[in-house]
Each structure stands twice: as C-alpha cells, then as structure tokens.
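S.K.: One-letter residues, chain by chain:
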Amino acid sequence: MNASPRSGLFSAWQLRRRADVPVWLDLLARLAAIALALLLVGIVLKLSGLDPLALGRKALAQTLGSAYGLQQALILATPLAMTGLAVALGMRMRLWNIGAEGQLYLGAFFATALALFVEGPPGVMLVLMFFAGALGGAVWVLVPALLRAYWNINEIITTLLLNFVSMLLVTHFAIGPWRDTGASILSATRRLPYEIPVLGNSYLTAGVFIPVILALLLNLILQNTRWGYEVRVIGGSRGVAEFAGIPVLRHILLVMLFSGALAGLAGMIEVSATAHRLSGTISNNYGYMGIIVAALANGSPVGVLIAAFWLAVLLNAGIVLQTSGLSVSAMLAINGVILIFAAVGEVASQYRLVRRDMAAASEPATSGAGREAEPVLVSSQDMEPIPPAEKSPR
Amino acid sequence: MTPAPGTVCVEMRGIWKHFPGVVANHDIDLDLRHGEVHALLGENGAGKSTLMNILSGIYQPDAGYIRLNGQIVHFRSPAQAIACGIGMVHQHFRLVEMLTAAENIHLGWNDTPWRITAQALARRTLDYCAEFGLHVDPNARIWQLSTGEQQRVEILRVLARGARVLILDEPTSVLTPNEAEELFRVIQGLAASGRSVVLITHKLDEVLAASDCVTVLRNGRVVAHSRTSACDQRSLANQLIGQEFVSRLHRREQAPGELVLDMRQVCALNDRGLPALRNLSLHLREGEILGIAGVAGNGQSELAEVLSGLRRIDKGSIKVDGADLTRSTPVGFVNAGVGHIPEDRLGMGLVSVFTITDNAILRKYKFPPIARGLRIDGRAASSYSQNIVARSDVKTPSLKTLVRQLSGGNQQRLLAGREMQVASRLLIAVHPTQGLDVGATEEVRRVLMEHRNNGSAVLLISEDLDEILIMSDRIAVIYNGEIAGEFDAAQAKRAEIGLLMGGARPSREAA
Amino acid sequence: MNVLSGLLAAAIASGTVIALAALGELLAERSGVQNLGLEGVMAMGALTAIASELLVPNPALGVLAAIGIGLLLGLIYATATVAFRANQVLCGLGLAFLGTGLSGRLGAPLSGLRAPVPLQPVRIPWLADIPLIGNALFNQPLLGYFAYFILPAAITFVLMHTRHGLNLRAVGENPSAADACGVPVVRLRFVYTCIGCILAALGGAFITLSFTPSWIEGITAGRGWIAIALVIFGTWRPLPVVLGALLFGAITSLGFVAQIQGWGIPASFLGMLPYLATILLMAIPYAMKSRAFRRLGTSPAALGVPYVREGE
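Protein chains in written order, with the working numbering: chain A, 1 to 394; chain B, 1 to 511; chain C, 1 to 312.
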C-alpha cells in the first residue's frame with residue numbers, strides 16, 4: 001500500500017506554486033531582479049574592458065554622495081515620478097499608457113504656447129500653464145482613449161505611435177515658427193518668461209513638490225473615495241465591475257485622460273522649471289522610464305515616488321559615467337534588462353522549492369480549499385488587457 | 001490479441017498529489033479492468049478528477065506509480081497518455097471554439113495527414129461517427145454546437161485515437177435525462193467492445209444505473225470499493241459522506257404572499273445577437289421558491305442577467321413590487337431589494353484580489369452610511385462587512401483577508417451573505433452550490449430556505465434537477481428561451497420535467 | 001508616369017521592411033505570444049547586418065548575421081515569456097528598450113556609414129516589363145520577393161492547410177485544449193516566437209542593406225510598432241497584413257514625394273502621416289459593424305496569456 005518504486009525520473013525537489021505571495025517576498029523578488037540585472041550589466045561592462053566596481057563607486061559618490069548629486073537626483077526624479085504616476089494610474093485599471101512620452105511633449109507644448117504668447121502676472125501665468133500642461137497631455141491621449149473604450153483597440157500601440165507624432169510636432173515648432181532667433185540656440189524656442197520658483201539657494205525648484213502632492217492625492221483617491229473604489233474594482237475584475245453596475249466605459253476614458261494629464265504635467269514642469277526652453281529633446285525618454293517606474297512600484301503611487309528616485313540615481317550615475325563610456329542609449333538598454341528581469345522575478349516569487357518526500361507528509365488536509373481559488377496575484381502578471389465587454393449594451 | 005474482459009489493464013498504486021494548502025490524493029490505489037465500467041464516486045473536492053488527471057497525463061503525481069498492461073508507465077504529458085490509449089473527456093470541455101468539430105477531432109494527432117482539407121477531415125469524421133455511433137456535424141464550429149453535441153465531439157476525439165481506457169468526468173452535468181440515458185447506452189457498448197470506462201460522478205443513481213464496480217473517494221482517500229451489484233443508495237451515501245446523512249432543510253408551510261416579481265413577455269438577445277429569451281413570463285410571490293430547471297444554454301444566464309439589470313430587454317416588462325424596472329441599472333435593482341448570486345463566483349461576484357470588506361461593500365458602497373459624500377467611510381464599511389461575515393458564518397481570521405485565500409465554500413458564503421443582505425424582496429440564485437462539497441452545499445440550501453421562510457421570494461436557477469426538486473415550491477422548465485412548463489413542486493414528475501428539459505412537448509394528461 | 005512608378009518602387013521597398021516584421025509577429029501571435037519588442041529586434045537586426053557588411057562586404061553574410069541576432073533575441077524573449085511565463089507586455093517593452101538602446105550604443109561609431117554592397121535586385125525578365133508595376137514589383141532584391149510572395153503564400157498554406165498549422169492555430173486559441181490533445185504547446189510557442197524575431201531582424205537588415213542603406217541611431221523610426229499594429233489591422237491573416245504593409249509603404253513614400261515635389265506641406269507633418277495612418281488602419285476592422293466580420297477579426301483567444309498547465 002505504500003509508495004513504491006519511485007521512478008528515477010522524479011527529482012528530489014519540486015517547484016510548487018504558492019497559494020499566496022506575501023508582500024515582502026514580492027518586494028524581495030523585485031529587488032533581487034534588479035540586483036541580478038545590474039550584476040549582468042556589470043559582467044558585460046567588465047568584459048568590454050571597463051571596471052564596473054570603480055565605475056559604481058564613482059557614480060555613487062557623485063550622485064548620492066554629494067548635495068549637488070542628491071539635488072540632481074531629485075530634479076530628474078520629478079518627471080520620472082510624474083510619468084510614473086501616469087502609467088501607474090492606468091495600470092490600476094489594466095490600461096497601458098505607453099504614450100506618456102508624447103503626452104509629456106504635448107504638455108510642454110501647450111505650456112510653452114501659453115507662456116510665449118500670453119502675458120500676465122507670473123503667479124497667474126504659472127497656474128494657467130499648469131492647467132495647460134495637463135490639458136495638453138489629456139488631449140493627446142483622447143483619441144487612443146476613445147478607441148480603447150468603445151472599440152477595445154489596443155492602447156499600447158495607439159498611444160505609442162502618437163509619441164512619434166508628438167516629437168515631430170514639437171520639433172517642427174521649436175526649430176521653426178517658435179525658434180529663438182537670438183544667435184546661440186539653434187533648435188529651441190526662446191527662453192520662457194515664466195519659471196517655477198527656485199527653492200532658496202539650491203538647484204531645486206518648487207516643481208519637486210508636485211509629484212509628491214499628486215502621489216499622495218492619488219493614493220487618497222484610490223483608497224478612500226467611491227470613484228477610486230470603482231477604479232480598483234474594474235482593475236480587479238471587469239466582470240465584477242459590470243455586475244455591480246459600474247460604468248466601465250466612462251472610467252476607462254476618465255482614467256486615461258487623467259493619466260495623460262499627469263504626463264502632460266511632467267512636460268510642463270520640465271519646460272518651466274528645468275529646461276526653460278522647448279525643444280525636440282525636452283524629454284530624455286522620460287515617458288518610457290515612467291513605465292519602468294510604474295512596473296517597479298507595482299502601481300502604487302507612493303511606490304512610484306521611491307522607484308522614481310531610485311531610477312533617477314541610476315540614470316544620473318549613467319550620465320556621470322558618460323565620459324567613462326556609458327551613454328544614454330546604454331542606460332535605455334540597461335533599463336530594458338531590468339524590466340525583463342523584474343517581470344521574471346515576479347513569476348519566480350510565485351513558486352517555492354519543496355523536497356518531494358517531505359511534501360507528502362507536511363500539508364494538512366483541509367476540505368474544500370482545493371482548486372477553486374486559483375491564485376490570482378496583484379501584480380503585472382495580471383495586467384492582461386481588460387477583456388472586451390461581451391454583453392449587449394444597456 | 002484482445003485482452004480478455006475482466007483482466008486488469010491499469011493499476012495505480014500509492015498515488016499522492018498536493019496542491020497549495022491541500023492534499024488532493026492521499027495514497028490511492030486503483031485498478032481498472034478491460035470491458036468494465038468503473039464508477040469513481042465522491043463529492044466535489046474528493047479528488048476524483050485529480051486522480052484521473054494524473055492517469056491522463058495532465059498532472060504529475062507527487063508519489064506513486066502507474067502500471068499499464070503490466071508495464072510501469074510515466075506520463076509527462078497528455079500526449080504520452082493518449083499514445084498509450086488513455087483518453088479523458090473533461091467536465092469543462094477542452095475544445096477550441098473557433099475551430100470546427102472535424103478540426104478539433106484531428107487536432108494534435110499524428111494520424112492526421114500532414115496536408116488537410118475541410119472535405120477530407122469531414123469525411124474522416126463521418127467515418128468515425130459511423131464507427132462509434134455518435135453523430136456530429138463535422139463542419140460546424142464548436143461555438144455553434146449545443147453542450148450535448150460538444151460532448152460528442154470530445155468523446156469522438158478520444159475514441160478516434162484508439163483510446164482503450166476512456167475516462168468521463170461528470171458527463172451528465174450538461175445533459176438532459178434522456179441524453180444521459182443515451183450516453184449510458186454508448187458507454188455500455190464501449191465496455192462490451194473490451195474497453196475500460198471510468199465514470200467520474202457524484203450522483204448515486206448514475207453509479208447504480210451505469211457501472212459494474214465503484215470506488216468511493218472521500219477527502220482524497222479511498223474509503224470503499226465494491227461491485228455495484230452489492231451496493232444500494234443508502235450504503236453508497238454513507239460511504240460518500242461518512243455518516244448517516246439527513247437533510248435538515250426545513251420548509252415552513254406557508255401560503256405565498258404578495259406578488260413580488262411580475263415578468264411579462266420578455267424578449268432579449270444573447271451575446272451573439274441571437275434570441276435568448278422569447279416572450280418569457282414569470283411571476284413570483286413572497287415566501288416561495290421558484291426553481292428554474294433546464295440544461296445549460298437555454299437562456300438561464302440571460303434570464304438572471306435581465307433580472308439584475310445586466311442585459312437589455314428588447315420587449316416586455318419587468319416589475320418588482322409594482323415598480324417598473326424594465327430599463328433599470330444594477331443599482332436600480334439593488335434599490336428595489338433584488339439580489340443576485342451569480343453562477344460565476346470569481347468572475348462576476350467577487351474580486352479575488354480584494355479583501356473581504358472590499359467585496360462585502362460592492363452593492364452598498366454608494367449609499368450611506370458606507371458612503372460619506374465622495375469618500376468611503378472605512379469604519380462603516382468594516383462594520384457592514386463584519387455583519388455579513390457573522391451572519392453567514394464565513395470562517396476567516398480577519399476582514400482584511402483576501403478572498404482568494406478563502407476556500408470555495410467560504411467564498412460562496414460571503415457572496416450569498418452579501419446578496420441576501422440586499423435581497424429583501426427577491427433573491428436570484430444561479431447554480432449556488434456548484435463545486436461545493438456536501439457540507440457547504442447543505443448550508444447554502446439551508447440559508448436559501450431560511451430566506452424564503454422569512455418572506456422573501458427566491459428564484460433558483462440550477463442545472464441540478466435534484467436540487468430543484470428538493471428546494472422549490474414551484475418549478476418552471478426553461479427550454480430555448482421559453483418556459484416549457486410550470487408545475488407545483490408537489491405534483492412534479494421527474495420524467496415529465498426531463499422531457500420538457502429536452503424540448504419534447506408531452507401531452508398534458510391528468511396527473 | 002515616372003513619378004508614379006518611382007513612388008511604387010519606394011512603397012514596395014519601404015513595405016518590405018514592415019511586411020517581414022509583421023508576418024513574423026503574425027506567426028508569433030497565432031501561437032499566442034505577443035512580442036512588443038519588435039522595434040528593438042529590428043534595430044539590432046539593422047545594426048548587425050551593416051556591421052557585418054562593414055567587416056566582410058557580402059550582403060548574404062549580413063543577412064545571416066541578422067538572422068543570428070534575431071534568433072538570439074528571440075531565445076531571450078521566449079525564455080522569459082514562454083518558459084518562465086513572465087508578463088509579456090513588460091518583457092516586450094523591456095526587449096524594445098534593450099534592442100533600441102543597445103543598437104544605439106554599439107552603433108555609435110558606425111553612424112552615417114553606408115553599406116558597401118547593398119542587396120542587389122534580381123530582375124525577373126518577362127514580368128518586370130509590365131508597365132507601371134512591373135519594374136517595382138519584379139525587380140527587387142530577393143528579400144522583397146520573399147516578403148511579398150513566398151512568405152505570405154507559405155504562411156497561408158501552412159496555417160490553413162496543414163496539420164501543423166491546425167495545431168498552431170489551436171495553441172493560440174486554447175492552449176489547454178491543444179495540450180490535452182497532445183500538441184506541444186511550449187515548444188510551438190518557443191519556435192514561433194523565435195521565428196517572429198528572426199523575421200523582424202530580417203526586416204531591420206533590409207533597411208540597412210537595401211532601403212536606406214546606411215546606419216544611424218533611430219533608423220527604424222517606429223516601424224517595429226507599426227508592424228505590430230498591422231497584424232491587428234490584417235486580422236492575423238497574411239494577405240491583409242502584406243497589403244497593409246504595402247499601404248504603409250505607399251503613405252511613407254507619398255511623404256517623400258510630396259517633399260521632393262514641393263507641395264508645400266512641411267516635412268515634419270508629412271513625417272507624421274505614416275503613424276496617423278496606422279492608427280486609422282487599426283480602427284478599420286473594428287469600425288466594421290457586421291458581427292460576422294467582428295468574429296473573424298478577433299485576436300487569437302489566448303494571445304498574451306502565459307500558458308500554465310493545470311497542476312503546475
């Protein structure tokens with residue numbers, strides 16, 4: 001009656017799927033993934049003749065190790081956090097806003113237009129520019145949002161294609177009609193007459209507070225309001241949302257518009273606090289970095305702030321090391337590796353190794369708990385696009 | 001060299017299988033013989049499907065071995081099991097909806113010629129139909145077929161590949177009583193031809209009607225094995241549940257009260273734009289349970305949906321307590337005191353990644369005291385949730401537990417509790433005991449009965465005819481979107497209902 | 001007439017790039033795997049091809065090198081998404097970043113260089129004399145014939161008329177059903193993901209070996225993304241996809257022609273045309289109201305969903 005000739009093909013260890021992934025483990029898996037990705041990058045650097053440890057030390061010293069470095073990190077973290085919030089908001093409803101880059105451009109565009117052609121007291125103008133930036137981003141995501149809401153057309157592609165369009169648009173104006181005719185700058189507009197005020201003696205501007213305020217606000221909305229609850233329900237299960245009578249279409253539109261607005265604000269802040277001129281290179285892939293930030297933060301607004309800061313440190317390290325052989329493209333590539341590792345790490349955290357013979361004896365039999373509650377995790381693993389509504393419209 | 005009937009073809013020894021949090025198979029031994037129909041009896045969650053999934057190569061056992069015709073075999077995939085002549089027809093069909101019946105039958109099969117045309121596949125399919133006595137339309141796409149026809153495609157697929165061991169997992173759950181009898185005839189024929197058939201079921205009468213021997217599983221263990229001829233209903237029931245089981249449903253004798261639901265001549269389309277409800281009329285009074293009997297796919301889902309504001313009505317009207325809800329939203333139905341326990345627990349009723357509280361407030365988050373202006377009052381939400389958990393006896397360490405961590409029974413309790421809280425006038429329960437073990441099933445039925453005893457109206461939609469017969473005050477049979485017949489439960493005859501479920505229209509004679 | 005036939009030739013050449021990548025993605029998506037990293041794979045294919053050419057001026061070797069890099073990237077992506085079942089959107093984006101970034105970094109020293117020996121057109125004697133379309137369609141490099149004739153025909157045949165194609169379609173629609181029938185789901189997904197990447201790399205190689213033919217960072221200009229969009233527009237069938245690629249090529253060429261002819265539209269706006277047109281194209285299948293068409297145009301049901309056999 002007892003087990004038996006155990007076939008030699010069975011190994012002593014076995015991968016068993018977890019019933020539930022504790023938060024700390026999920027976090028650990030992400031951090032481990034990032035560490036492994038960096039390790040891989042380090043190995044590659046080593047093989048190509050650079051000394052990763054020395055580079056690392058130098059980078060850390062110049063980024064986190066000095067007041068200047070910290071401030072630069074905060075400055076860079078600002079647009080990353082804004083686009084991160086934009087993507088994270090969409091993620092909560094399983095919508096992918098890959099167009100944050102383009103929305104950033106349009107936000108900067110609208111804000112610049114206002115600044116260059118309308119006059120008024122600085123305080124008022126800045127507030128107007130704030131809304132202009134948000135409007136620019138929202139406008140740019142409108143068509144993809146409509147296509148997604150009504151026809152379930154893949155928003156990843158539509159938002160992304162508009163990125164290319166936005167860059168062409170902004171470049172056209174920056175080097176054309178709005179070009180700074182003063183000698184030195186060839187490919188940007190004239191300097192914006194309004195700037196977000198600087199904080200004291202530092203390099204920081206008041207712009208640094210905006211993502212923090214918005215992140216806290218977003219968190220509050222998602223966790224404590226009725227609308228936020230509805231958004232979370234849709235993200236949790238579209239079927240249940242429809243069952244409860246939540247107007248899914250309306251929410252898709254609103255969330256995407258807000259997401260676009262957040263990215264547009266990133267552009268407005270960039271152009272009025274950091275760059276002070278609009279050009280075709282106002283963004284250094286910030287929109288795409290926002291995706292990484294949101295993925296690492298798993299859609300949590302507060303997590304976005306942390307992830308954005310961390311990524312800013314990493315990117316600044318790359319800039320510092322530019323003279324030593326790393327470039328913007330290389331940073332993009334490294335971020336790609338991190339993203340892949342993070343995605344794999346997420347799956348890895350769902351499993352654990354168990355010894356086969358102990359496995360047989362250890363688990364208590366509980367009735368009914370079997371296969372009905374198939375683990376569905378709150379992670380990007382579940383970020384499959386919301387299935388299209390199959391019911392006839394009411 | 002056909003093996004003699006009665007000789008052992010499959011031996012399973014010492015099979016163990018774990019899933020997160022549960023032991024599904026606990027040191028199981030099983031023998032299958034040629035020419036025999038072997039019933040595998042057990043309640044939901046007893047481990048029968050798991051065991052057969054191991055035999056058919058879908059799962060790998062954690063320990064133990066399998067011998068096929070004397071040789072130890074180790075199936076690492078369904079393909080290997082199929083190649084050895086073991087085929088399984090699952091409860092939830094493994095068919096590709098977009099492909100035709102012929103394509104599904106020839107899928108993944110090395111015997112299929114490398115180059116295919118629709119005509120060639122159709123011809124081959126019809127040959128198989130003739131050989132095994134099961135007919136399907138080869139060129140119909142699966143989504144166009146009824147569940148009975150889909151099952152035939154599954155069976156053909158398995159037989160065509162030379163299955164000598166055929167495993168059927170709860171095959172009659174999607175069939176009318178007549179179709180079930182037809183299936184048993186086919187099974188007998190297959191056994192007579194020397195094949196070994198395993199019939200997985202939780203229905204006692206099926207075991208007695210169709211099998212030669214029976215193995216009873218309970219909580220993952222084998223508790224009994226005998227020749228069917230030596231068993232009767234009572235002994236099997238005892239072995240199944242482990243004790244004398246007496247149903248404690250208490251139906252209070254009461255006259256139905258005021259009219260609650262008045263549904264007239266309702267027409268509605270299904271997702272594909274075809275008519276699902278045709279001039280359907282129902283009425284329901286306080287304090288009665290109306291059971292809707294019928295085979296899946298005859299409009300039950302659409303009926304539940306129009307009664308909760310999830311589907312548009314093209315013609316007709318729905319009134320609850322006199323108020324016209326024809327064009328109402330789900331929230332409107334909740335306001336009118338109508339609750340709905342959906343059949344898809346996790347797809348429609350509960351968000352598995354949410355906490356219990358977040359799920360509990362799904363129907364009431366827009367109303368005070370849970371809603372406070374634009375915000376949700378956390379404390380009010382928790383106390384509302386606590387109330388539901390306590391009244392429905394949901395076993396959980398905390399309100400913050402995620403629903404996916406609860407057992408199926410607890411999830412159903414939570415769902416039913418939440419809906420009953422809003423269903424002061426009418427409760428629509430769709431397949432409420434699906435997938436639950438005996439204990440949980442009994443509880444849900446008891447709770448529904450209490451709801452009815454307290455004066456609410458209950459519309460019970462179920463594919464389990466026995467459940468309908470046990471629970472209902474009145475029974476209506478739905479077929480093809482229409483009510484084919486209505487009875488008082490006391491006068492209902494199983495046979496007659498079975499006929500109506502299958503679309504026959506018997507002449508009404510004096511009872 | 002010259003303008004028109006020149007336009008056509010440019011359209012066909014431009015379309016070849018996209019057709020190759022789109023057909024590759026079609027195959028991958030038919031097996032249920034969505035690869036959003038095409039842009040990155042294309043960029044690496046483009047770079048590898050021209051780099052190889054600069055080392056050994058033989059376009060055939062360049063093509064082989066591109067195939068090699070496509071295979072490598074495909075293996076990486078397939079390992080992450082099919083073997084490890086990681087989220088396909090994230091991995092795809094990661095691959096796009098990786099490929100774009102890496103090609104930009106490694107290709108910096110090659111910026112602006114021309115391919116010494118571009119792919120030579122092969123003229124089919126009698127057909128190339130057909131007025132108007134003859135020269136464009138029948139006087140192109142071998143990869144062109146491959147993209148427009150051989151590949152779509154082969155895919156159509158295999159997919160719809162062979163046992164293998166039937167299995168493949170099933171894997172994309174319902175992998176658990178296919179698995180239950182004994183179809184090797186994981187293996188098929190792996191293979192077709194790699195094939196998809198190889199074809200995308202070939203598309204990139206065509207840019208640097210024939211279309212442009214030189215290298216500069218960003219030369220792919222979003223064509224990888226457009227290829228993915230075209231698969232949707234073509235409702236996962238080879239012929240509409242190729243037509244879409246051709247259409248896209250025509251729109252792009254229109255932009256060039258407008259510039260050359262001086263029609264007065266600023267270059268930037270002409271540059272936007274292809275992307276806007278693609279969005280429009282994506283909307284067309286859905287705008288069709290007929291239900292039958294809608295069912296025909298739905299994606300493989302299991303697209304983007306990692307397959308886990310029950311019990312694992």
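Incorrect hints may appear among the rest.
[To be verified] Which residues of chain B face chain C? A partial, calculated answer using Cβ under 10 Å:
hint, residue
1, Tyr-59
2, Gly-70
3, Ile-72
4, Val-73
5, Ser-77
6, Pro-78
7, Ile-82
8, Gly-85
9, Phe-93
10, Met-98
11, Asn-104
12, Leu-107
13, Gly-108
14, Asn-110
15, Lys-203
16, Ala-296
Derived by calculation from the structure, the hints in this document are not laboratory data.
Using N, Cα and C, we set each Cβ at its ideal position, and we do this for glycine too.
S.K.: Could you run down the list of hints and mark each one as holding or not?
M.R.: Okay, the hints, checked on the actual structure:
1. Tyr-59: Holds, because the Cβ-Cβ distance from Tyr-59(B) to chain C comes to roughly 4 Å (cut-off 10 Å).
2. Gly-70: 24 Å, violated
3. Ile-72: Interface hint status for Ile-72(B): violated (21 Å vs cutoff 10 Å).
4. Val-73: At about 15 Å, which exceeds the 10 Å cut-off, the nearest Cβ of chain C leaves the hint on Val-73(B) violated.
5. Ser-77: Result: holds, 7 Å to nearest chain C Cβ.
6. Pro-78: 5 Å, holds
7. Ile-82: 5 Å, holds
8. Gly-85: 13 Å, violated
9. Phe-93: 8 Å, holds
10. Met-98: 5 Å, holds
11. Asn-104: 8 Å, holds
12. Leu-107: 4 Å, holds
13. Gly-108: 4 Å, holds
14. Asn-110: 8 Å, holds
15. Lys-203: 24 Å, violated
16. Ala-296: Result: violated, 19 Å to nearest chain C Cβ.
The structure fails to meet hints 2, 3, 4, 8, 15 and 16 from the earlier list, while all remaining hints are met.
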